[in-house]
Structure formats: C-alpha cells, structure tokens
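Q: Order-wise, the sequence lines are chains A and B. Residues 71 to 553 (our numbering) are what the first sequence spells out, left to right. Residues 4 to 1038 (our numbering) are what the second sequence spells out, left to right.
None of these hints come from the bench; they were simulated from the model. None of these values were measured; they are calculated from a predicted model. One should not assume that every hint holds.
Stated by the list, open to error - Simulated crosslink set (BS3-like; lysine-lysine; CA at most 25 Å straight-line):
#	chain 1	residue 1	chain 2	residue 2
1	B	Lys97	B	Lys79
2	A	Lys101	A	Lys150
3	B	Lys289	B	Lys33
4	B	Lys320	B	Lys345
5	B	Lys207	A	Lys178
6	A	Lys221	B	Lys120
7	B	Lys264	B	Lys97
8	B	Lys1001	B	Lys979
9	B	Lys97	B	Lys120
10	B	Lys386	B	Lys335
11	A	Lys171	B	Lys203
12	B	Lys620	B	Lys437
13	B	Lys33	B	Lys72
14	A	Lys221	A	Lys257
15	A	Lys171	B	Lys293
16	B	Lys203	B	Lys151
17	B	Lys207	A	Lys171
18	A	Lys178	B	Lys203
19	A	Lys171	B	Lys151
20	B	Lys407	B	Lys653
21	B	Lys407	B	Lys437
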Amino acid sequence: MRPLSSLKLLLFVIAFSFGGATAKSARAEVKFSRDIAPILIRRCIGCHGERANLGGYRVQTFQNLLRKGGSGATPIVAGKPDSSRLYQLIASPTVALRMPKSDDALSKEQIGLIRRWIVEGAKFDRENPSASLTSLMGARNHPIAPLAYPKPVPVLALAFAPDGATFAAGGYNEALLYETRTGRLLKRLGGLPQRIQSLTYTADGKRLLVAGGTPGEYGEVALADVASGKRVRVFDTFPDIAISAALNAEGTLIAAGSADSSVRLYDINSGKSLWTSGVHSGWVTGVSFSGDRRFVLSASKDMTVKVHDIATGALFTTYQGHNRQIGTYSGQSAVYAVRSLNNSPDACSAGGGKWIQIWNPVKTQAESGDAGDMEERFAKQGHARYILHGFTQEIFALIVEDGRIFAGSGDGTIKQFDLVSGAETRLFTGHTDWVYSLAYNATTHRLLSGAYSGEMRLWDTQSGQHLATFWAQPQAQVAKSER
Amino acid sequence: MSCLKTTVGIIAALLAVRANATPNTPFALKNVTSLEVSPKRIGLEGRRDAQQIVVTGMVNGEPRDLTDKAQFETTKQGVVRIQNGRVEALQDGKGDIVIRVGGLVARLPFTASYYSKRYPVSFETETLAILTKQGCSTGSCHGSPHGKGGFSLSLFGYDPRIDRVSLTRDGYNRRINAIEPLESLMIKKPLLAVPHVGGKRLRKSDVGFRVLRDWIAEGASTEISTLHCESIALTPSTSRVLEGEFKTQQLRVTAQFSDGKARDITPIATYTTSHPAVAEVTPDGKIIAKERGQTAISVRYLDKFESLYITVVEPVKGFVWRPVIENSAIDKKVNQKLRQLKYLPAEVCGDSEFLRRLSLDLTGLLPTAETTLRFLKDTSPNKRAKEIDSLLESEEYARFWALKRADLMRVSPRQLTEARASRFSAWLVDSVRKNMPYDQFAHAILTAQGAEAQAPSANYFLGIRTPEERTEMTAQIFMGTRVECTKCHNHPFENWTMRDYYRIAAVFARTKAGDGRVTLASVGEVLHPTTGEKMSPYGSPLSSPEPVDRREGFAHWLTAPANPLFARVEVNRIWADLLGRGIVEPIDDFRSSNPPSNAPLLDYLAQEFVTSGYNRKHTIRLICNSQTYQRSTQSNAFNVQDNTLFSHAKPRLLTAEQLKDAIGMATHTLPSPTLSPQRVEEAKAELTAHHNALDRLLPLWLAQAEEAAQRLPIRQGAWRIRQASPVSDPQRALKEAGVANLPALDATSLWIRRPDYLEQTQNTLPSAESSSNEGHSLTTMARRIFSDRPRSIKIRWSAELARLWLNGAPLSSDPIQGEREIALPLRGGENTLHVLVATPPDRPAFQYSLKPPFNSTMVGADKERPLTAAIVEALMVPVSSRTSEQAQELREFYQADGESNAIRQRVASLEARMDYATQRPYPELSSFTATFGQPQRDTACTCERRGAPTLLQALELLNGQTAYQRAQEGVGYYSKRDNSALIEELYLAAFCRYPVMKERVAALKFLSERSNNREQAVMDLLWAVINTQEFLFQH
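With the rest of the complex left out, here is chain A (with noise of 0.2 Å):
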C-alpha cells in the first residue's frame, strides 16, 4: 500500500507544480464558466448529462455537480479537493478507478485547473446554477474560414438579396456574397457558426439574418452585417444546430427551431428571448410565421406541424397530416419545411411523403381532439388540399411566393406548382445530388437551389431555362483579394 501512496503524492506534486508553473492562470482566479464548464462539457457529459447519468450523477447544470451520486460521496467539498470525489476520481491513479472511465485521462492543466477552483472554493460565477453548462459559455469566437475549401461544401442555405443582384449562399464558418449575374464571389461574411442552415436577408438589405452551428454540440441564431461583415447581434446560443431562423413580414420577430427540438422567439431590435416553446419531440426543421400574423408555424422531424400562439408561445394545434395511420393520405414522414401563404392564414408543409399539404390552422383546430375516433374525422372532414408532387425522395426545401410552389428534393430535381390549382407547371433537373436549399426572387424571376455536392444553380422561371452553375468552394486567389 505505500508505494502506491507514495505515487499518488509525486502524481499530486507534480499536478500541483504543474499548474503552479502556469504564470498566468497562477494569478487570475479560476473561474467556473470560463475555466471549469468546458472541460465538464467536453469530457464529462457524455455519461453524465441529461441523456445518460451513469453512476446517478449529472453534471450538465452546476446545481447538479454539487449533487450527490449514486455513491452518496460528496462530489465537490469546497477548499478540499482531496475530500472532493470528482477530484478522487479523475486524479485516481488506478486506471479502473479513474475518471472519465474507460478513456484518456484529463491533461495535467485540466486536473491543476479543477484543484485549484476547488481550493479556491469551487464558486460561481453566474447567477443561475440551475442553468445548463452550455448556456453559461455564451456564443463562441468562431474561428476564421479556410481560406481556400479543398472541396464544395454541401449549401444548406441560400437567400437573395431584396434587389435579386446578389445572393448569400452558407460557407463554412462564413457566408459566401455573390453577384448574381456573373456568379463572382464578392465577399466573405466571417465569425458566423461552422454550418449555415438558414440565411434569410432583412427587408433593406443591409443584414443577414443566420442560424447554424456545429453539429450535436453548439447552435446559433445571429444577425450579421452584410456591409461590415460582422456578426451583429448573437440572439441565442442551443446545444446542437440551430436549423431554421424566419423573420415576420415586419421584420420586427425572429422565430427560430433547432435540433434541440425547440422552438423561440425573439424581439429583432432589443434581442429579447420572447417565449420558447418545447412541445416537439424531434429536431425543429423549418419555422414561418402565418400570413394572418396570429401563429408561429414549426415542422419537424416528429412529423408534425405545430402552430404556436404568436403572443405567448402556447400550442395553439398540432398539424397531422405528415402522420396518419388510415385513409386515403397516409403515411408518416418527417416534416422539413413550413411555408406560409402570403395574405392568407393558410400553410404550407412538406418533407417525407407523397404529397406537398395546404391547410389552414384555425380549420386544424377544429377538427383535432382527443377522442378515438379523431383519424376517421379527420378523413372525413380534412379540408386539407393534397399536391401530389411525385419526387422519389424527400422534400427539403419549399417556397411559396408569387402563387406558386418551388420544391427542391433529395432525388436532385425541383419541381413548380401552380397554388391554386396544384398541376406540376415546371420540372427543373441538372443537380445530381440532393437539394438542400432553394431561393427565389419575384422581381427577377430567379430561382436558386443548392445541393449536398455543393452545387448552386441559377434558373429563371418564366422560361425554365437553366442559367448558371456556382460552387461553394471559394478558391484561395479569389479569397485573397476579396479578403
């Protein structure tokens, strides 16, 4: 037993000089949301969040890292990190004991650094403890775009500017500005998250409104400058992608969904958080406001459409006609995107499935209830227009504008619908890959769409005509002048 005693000691000399040795953090204070949260996120969550708390214990919120495990040893003992079990525990120089289990130990700076919070005794620096690790680290420094992408990046979003001269298409860590005409990269919109999923302009012009982030760990809804080129404003921070952001005709709300399956809204000009709804099970891919202004619309991957009171967020109805087990339109897919109609209370879903759906959320409501027999009503009465759209695969883009359809699909094709009647009135073909996003503009009648190869195509509308091909993949010479 002594010279494994003895070790411990040399191990705990050597952590100890080792952050000692360190001027800088030897002066500052450690500070918890700062120093502490990102190691607990990155090497500790995984077995001890919300998903998974292996041993009875969480440490996804600093209330629960003070919490007793299933051990019943208290986790952190203020000013005593040798009583501390977490320090036990990751400083143990057993394997079999050391946390995290079955995996490389913290670096000897991690292990300094939590002693020493430990020592100085293990305080909070935030107001609420019960808030997730997450939120405490606030919106991340994105790192600077590559120069030069060694190859396209799949375009998960595309908008026009108001005029339709330029467009902004998702980079990687940026968006990419281009002239529409010739398809010249204009300018690089850096610090913005890792994935684009949504870029939306603002009525002037002048901003960007963007959400994305890194996948399964960081989401972010944003508005950037497009003559700056600089991140404005960060209205919130999610643990996985932010997919969608929308504005209201006003451009006084932002509404945004993301793969945390939650739903918020957000004042533009004070950047207030109004309300966050969490009544989705699966991830929120699409988000619209109504064109009556009473509803905030959301598709997800549950396959439902769920319309949200504008005001205060509460669930107005839930949309089912992505998920019906009887009658003439079943099936049950995914949703991946919500349109409103302009100057009508109606929407539009699609996703998986055979059929682009139209239906309006009061006539919803009415029909939905709890009994048994809901599903025979609803066939029934459903007065929910059916656009057979005949893709082979699923839907992932929709616009409605102009009274008609743009749909973009995973077979490569995106498909025209006339909105009143429904007929197919043009098919566009040429991406070999799927459609991810699509843009229109009704002033130039140019509609664009971006696939998973990387791929952007230019159409005009009124003749079909396929005009030009972009890559999302800036070149290294056109970003050093445009830089």
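Chain A is already provided as a structure; the job is to place chain B on it using the hints.
A: Frame of chain A; chain B shown alone:
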C-alpha cells in the same frame, strides 16, 4: 512486499533483455522442431497496405503460435517496419524478413511498391467494416431497425445504400465534415468528444480512427463499387489449444475479392468470442487465453463470417487421469476431451438407475414393477444391452420418439384438423416403428405430394403455408439452423445471407397446399425483397433447367452424405434426448460461432449415422451402450464444474408427458400399456353385440329410408369449373359460343361421388384459378341436376355477362347481363346445366341463388342423421339391382348410430393410447402438462418445450388436482396389499428399486400408526412418493 515484487519485476525485465541479447532461449522454445510462417511472401502496395505475419512452430508435436516470441529483422533496412508481426511499408523496395525463434530461422521475402501512390479508403470494404468493428452498426445500436438517436445504419453494413445516405446526406450532412475531418460528428461522437449515449467507441490509436478520418478527408466518397468480398480465410484455419507458455494466438485474416486479389484485413475485421471467460481477442486479432474451457473465436468481415475453435488448458492441482472402462468410440472421444481439459469421469450407475433412465429415455414410461424385478434379478453380463435392444423394438419406443418429432412438425389439431393430426402422427409413429432411414424420412416429408389421407407426410406443408415459414421450419428441423434473421438482413453470426433464405423459399414457392392435398404449380417465384431478383431454388445448380419438383433438388442436397449439417443435427438431437444436453447447444442453433463441446465426438456420431444408412436406432443403441450414457449422476471433485463435456450424468426433471404417465403408473391408475389390447378386444365385442341387435331391425329401416328417398325430388352434382381464359371481346365470345365447345361431363364426374342437395339459397362461385390481369376472362362451369319428374325451378343470377345451356340447349340467344331470374325446365331424371361467364379482372366471382324445393329428410331411430348422398344413391336403386357394396353401405350407415360411434371412439382412444401422455398421437394440452412445459407445437423450436423448473410446477404437484386424484385413485390398488408388500411394490414402481431399510421402517411405522384410517394413510404415502425428487427426476 510490493516493493520487493517491483524490484524482482525490474530485475526480471533486465534479465529478459539479456536473454534476448544472448542465444539463451526460454525452456519451451528449445523444443521447437519446425517453423512455419504465414504468408509465404509479402507484397505491399501503397502506404496503407500492411500484412500480418503468423509464426507457428511445432512444440512437442503440438502447433504453437510463436508470433509474439519471434524476432523479426529485415535484410534491407528502412523499407518496412514490423510491429507485433505486422509489416508496414516505409518506402518502395524488397528484401527478406528474417524470423528467429528458439534457434530456428525462417526467411520471408517481401516487396513494397507504389508507396507514393494514393489508394483512397473504400467506403464499402473499409469504412463499413470499421463501423461494424467499432460496434456502430450492431443490432443494439444504430444497426437496429430504427437506428438510435435518429441515426440509422444497416446491420453490419449489409446494405451500403442505406449507410451511404445515413452517413453523408441524412440530417443535413451533420455527421461528416469534409473541411475539417476531425470535426465530423462521425468521429467526435464515438471518441466521446461530444455526448454519445453509446459511450466511447473509438480511440485515436485505433485503426478505425485512421480509416474514418482518411475516408472523410478524401471526400467521404460513397461510391458503391462492383468489387465484393467473396470469402475470408483465417490463419490458423483449424482449432488450436492454448496452454502453458503458449497462451496467445495471433490471427491473420485475408479476404478474397472479386477482382482476384486477396487482401490482409486483420486490423479491420471484427472479432468476437463465444465464451469471454475462456479467451478474448484484441482488436488486432490476437487471442488471449484466460481460463480452462473451449470457445469459438468468430471473425466477421462485411457479410462473411468464419470461426476458429480454441481450447484453453490449465493445470488442475491434484488432477491425475485415471483410466476408465471404454465401451466404444464414443467413450474414447468423450474421455479424450475430459482428459485434455482435466476432468475425471464419474462412476458407472447402478442397475436401478440405468433401467429407470433407459426406460424413460426410450419409451417415456417408467418400467413396471415386474420389469424392474426381472431386470434386477437377471445376472447375465449383457443384460443392459439386451434391455436396450428390447425397448428399441417396443411400440412405446415408436410412439414416444414420434412424439418428439411431432412436436417439431407442429402436429396439432390447432394447426391441422384432429383427423389430419392423427393421420400425420400415425405416419410419424410408423416411420419410427419401421426405423425408416432418416434421409428417406426427410425426403418423404419434403417432397410429399397428393392427398394427405393417402400421403400423410403431406400434412407438413398443410400446416405451414408460406414459402418463408417453410424455409424457417425446414432449416430449423433439418439443418438445425435459425435463419429467421436472414429474412430481413444477412445473418449476424453466420454465413447465411438473405440470398440463401430466399433461395430456400424459392424451393417451396411452387408447392401449393390446401383442401387436404399438396400439389405442384407450374408457376410461382420468390423475389429478393431488396433487389427484386428472381431467386433460383437452393440446392439446384443455377443453370439447370426448371425441374418438375424444385423440392427434389433441395432434398437431394440436404440428405447428401456430404451435407455438413443434416446428419450432425440429427445425431445431436438424439444425443441431447439421451444425455440431457446437446454436443451443440441449443440443439437447433448450429453455427460456427456456437461450437460443439466435443467436435470429434459429433463428427464420429455423424459419420456412424451416415455409414449406417441414417439408422436412428443404431445411433441410439450406440449411445445407450456407451459408458458415457451409463455414468452416474454422482459427481466428483474433478468433474463437479463440468456441465458440457459429459463427465457425469445430468439429473433431468421428467418432461410433462413423462411425469403425467409416471404418476399414473406409480399409482397404478393407468392401464398398463400391455393390457390395452385386451380392453380393445372387449370394446370390439361390445360393438358387435350392438350391431347384431340393430341387424334385426334393418329391413324395417330400409323400407322407411327407401320411401324417404323417393320423396327427394331434386338433387344435383357439384360445379365443375374449367380454367378461365382471357378474352378481349366478351359480348361476342359469349354470343358465338355453342354447346359443342363446352366440356362434356363424363360418367364419373361429380355425380355419384359428390352430390349436393339444393340446399343453398345463395352462393358465390369461386373464381377460376388464374384469372387474367387484363380484360375479361371466360370461365366454363357445368353441373348435373337430378329431378324425380319434369318440373321447372327458378335460378337467379348476378353476373356481368353469362350464358346458360340446359341439356345442351341455350336458355337465351343473347348473353344475360346483370341480375336476372331464369327458369330451368328440368326433365325427369338427369339434366346437365352449362354456364359460361365472362368476368372483369377486379370482380372474378359472381353469385347465383336457387330456391330449394324441400328440406332434407331424416329417417330411422336416429332422427338427427340426414341421409347422405351416397345413401340416397343406393336407396334409389331397386333392391333387386343393388350391388353388394351398396347393400353393405346401407347397412353400415344404419349401424353408425350414436352408440356405435361412442364405442368406436373408445376403441380408437384405446388404440391410440389416449390415456398416455407419452403415447398419444397429439398432445392433450392439459393444464398439468402445460405447467410442466409441454409445447403448444406453435414453432419448430425445441426451445418451445420449457425445461426450467417453476414455482407453478411445485404448486401443481403439492396442491394440484392431478397428483391428488391419482394418489386418491391409487389407494384402491395398493390398499389391498399388506403393508410390507405395498411399500415394496410402490418403491419398485416409482423408483425402480427396493426400499432401503430406513425407508421401509419409516413407511411401515407410518402405515401401522394409522391403521384406523388406512386409506388416508396409503394415499398420503403415495402422494409423498410422487413428491420426492427421486421420483420427479430422471437420474
């Protein structure tokens, strides 16, 4: 103490270095007599190519792995690097690898080329293999049908098209980051760099990490190539023993690809061990022994699967092998295994134990007290062999062993009808009775054709209808293989693929079963559910012309002596029936990852089975005569841990049927099976007496019946339907049809054999067998109508288009359309009605209705019995012209009254031995037998018979009706005897032995103390005996 240990360790380490430096070699390595190196030469192409070397030496006659004991050097420096026997290129070049071990030297030439050429990671053959290796695509994780956490992969990568989408495009491309590969979720999740419910699945040091990283960095190409893996090969390829200093075994795995190249896939193959406590395998393919025992090491690569059997031997303190009597090759094989793994076999069991065990095993029944006495008194040295022979010839053996077979064949009135179940069961009993060679048995089952009444084995297909069900059941029964998994994906633990499954299904695609008969259709295919490809039947060469019966080819393949499964599965079943555990266990789960506990034994038994002409009795005789079978259940210090190698007998709870009969026999409440024939005779005599009494009344009945028959005005034959033919213009076709092209009804067709009465008021005619998919089809129908005098009846039709002819004359010139009522002017005697119907493809049937002119007539004392058609037929014939058959038919009909039927049923029940659960043709499924695990015969799995004891069973025995009633009824027999004789006979009947003194004294005391209530006391004694472990178990 530990300080000292450390110091010693350091010194030892230093010494080891010196030992390597000097030619001093460890003791065992001095005995290496030859070296073998695999592969024979190494060619490395590109920088990612690498080869595993396996060095094998013969040490004291045993092949041993020396890979981690060998020293590797190269004749050319800097060209390759060798680590743990793995050779990687550093640049282009060639030379020799010099391998030294124990003073022996081997040379292995190598070339390294194209070092600077890029060979990108292949999605199908590398990335998917890694997803399997790291556990991502297992059935409990993302390989489950709905995936996990929204991420779904195909099970073990069986469908690259699914994985291609899941990995790259699904979820907005969130899993792959081509710009910064290490930022990919596909890498961060398994590394646990972000939360992952599945935990840590990948380390940066893993080969898998490099493969995933490079695959993403190269652009995450998901091109699906035509290149596929044809087979994989293991080095070593045969089983190995790990012992002493040789506790590890390095594997080398190569894959043969369709481009003709073989590649070393050792680091990306997936390794599993069937018994982790015995040995484990590292991700690099190194097997490490842990404790004494046997295990199968399985290697998976894509859809290919191979296994290697490993035996780990460890010294056992105080173990000394003691030679024992060996009766046969079985004993030799069993003892060899026991000796190798250091277990001592148990003693031979006593005569009482043997007789009880044998009798229960071969007949399902306890021996009677008389049999026991005779056997115990017999002093001849071969009395055990004689008893085995005698029981094998008994009727009880045939019935009991047919029951086991019937369990698997799902012979039950619930699957078939009672009559069919009885016939099928009788056929099975007969096959055992005649000792039908097992290959012929399988052949008879699998190629059965015709009516089950004539060919009862056809019931196999009548019970299971779909090709899929037939595939699964046939594979489980005859191949001991569970192929259900391969219905949806390739087998996770075996080489069976979806293709194999649907190729077997194709064998049965043309076997139609229905209406009590099995027929062969000329069409019928099975399509692969994902590729849509038409599957060629399994067992027939791909190019051969379509055979008459696809099942022949399959049955031939199955029963060929070369089939590795057929004989093994059956001898293993027999072995398990006799020893209580299969050599392969579970007995119908043969797969390379589930090794036999004694492979040479299984091989020997299978070989004997084949050379004996698939003689099951021979195999049973062989096993029962072995010492292994006759071992005591008493274990010793050196075999008590053994449950798999047959060092001692295994006490087994009697099966439901055995127990039910044993309770009946021990309490003397069942008729002894040998008494049954006498009771059958008695019942038959009773029946004759009853019939004689009826015969006196026969003339009177005949007169009444003839009169009744005369009153029957109309009767008719059944419809005869000719196959439909497509027609483009139905109106015209019907109009042009003349009676000349209608089929004639010949004299035998459907008149006497199957007449109906005009009883139905409404009928829907069945559609003809294959109606055309396009346009209308024409169906021709004909039937006979008999009328006692000329009369007109009405028939109402509902059809799209039809034309009718009565006695050859059309009833209308134009086709009849829609719903119509038509008069049928019948003439006296026989009439013929022809109908031609045109039906559209979606409504192939049509309806007609006919008003019955009267209700059917009943005559005689037995008023409930209506006359049958055949009887009417006979009655219509004047007495003078009646044939003797017709007269006999009438007599038999009359005699088949309620009482006769009751006596007949009793006879049948006695003949079918319905009182005996082990002897009945189909299970009774009482609550007692259900409690003790009698299968419902819903599946072809022996696992349906539950073996584990339950609380309910204890309650059933202690408080249940069966035990209580039998004990109560048994009082009648036993209480007539004096106490001493009673006790003796009870012990002989229940335990096959005399009571020992202590038992005799206790029982006598118990009975004499309660002489005032003797019946109760006897009952208590019977009940107590039934509830002893000695009674409940076979031992």
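Q: State for each hint whether it applies.
A: Results of checking the hints against the structure:
1. Lys97(B) x Lys79(B): This hinted pair holds, its Cα atoms lying about 7 Å apart.
2. Lys101(A) x Lys150(A): Measuring from Cα to Cα gives roughly 17 Å; hence the hint holds.
3. Lys289(B) x Lys33(B): holds (24 Å)
4. Lys320(B) x Lys345(B): holds (10 Å)
5. Lys207(B) x Lys178(A): holds (19 Å)
6. Lys221(A) x Lys120(B): holds (21 Å)
7. Lys264(B) x Lys97(B): Holds, at roughly 20 Å.
8. Lys1001(B) x Lys979(B): holds (23 Å)
9. Lys97(B) x Lys120(B): holds (17 Å)
10. Lys386(B) x Lys335(B): holds (23 Å)
11. Lys171(A) x Lys203(B): At roughly 9 Å apart (the allowed maximum being 25 Å), Lys203(B) and Lys171(A) satisfy the hint.
12. Lys620(B) x Lys437(B): Status holds; Cα separation ~10 Å.
13. Lys33(B) x Lys72(B): Within the cut-off at roughly 12 Å; holds.
14. Lys221(A) x Lys257(A): The given pair, whose Cα atoms are some 19 Å apart, holds under the 25 Å limit.
15. Lys171(A) x Lys293(B): Holds, because 23 Å separates the two Cα atoms, which is no more than 25 Å.
16. Lys203(B) x Lys151(B): holds (15 Å)
17. Lys207(B) x Lys171(A): holds (16 Å)
18. Lys178(A) x Lys203(B): The hint holds at about 21 Å.
19. Lys171(A) x Lys151(B): Given that 25 Å is the threshold and the Cα spacing comes to 22 Å, the pair holds.
20. Lys407(B) x Lys653(B): Measuring from Cα to Cα gives roughly 20 Å; hence the hint holds.
21. Lys407(B) x Lys437(B): holds (16 Å)
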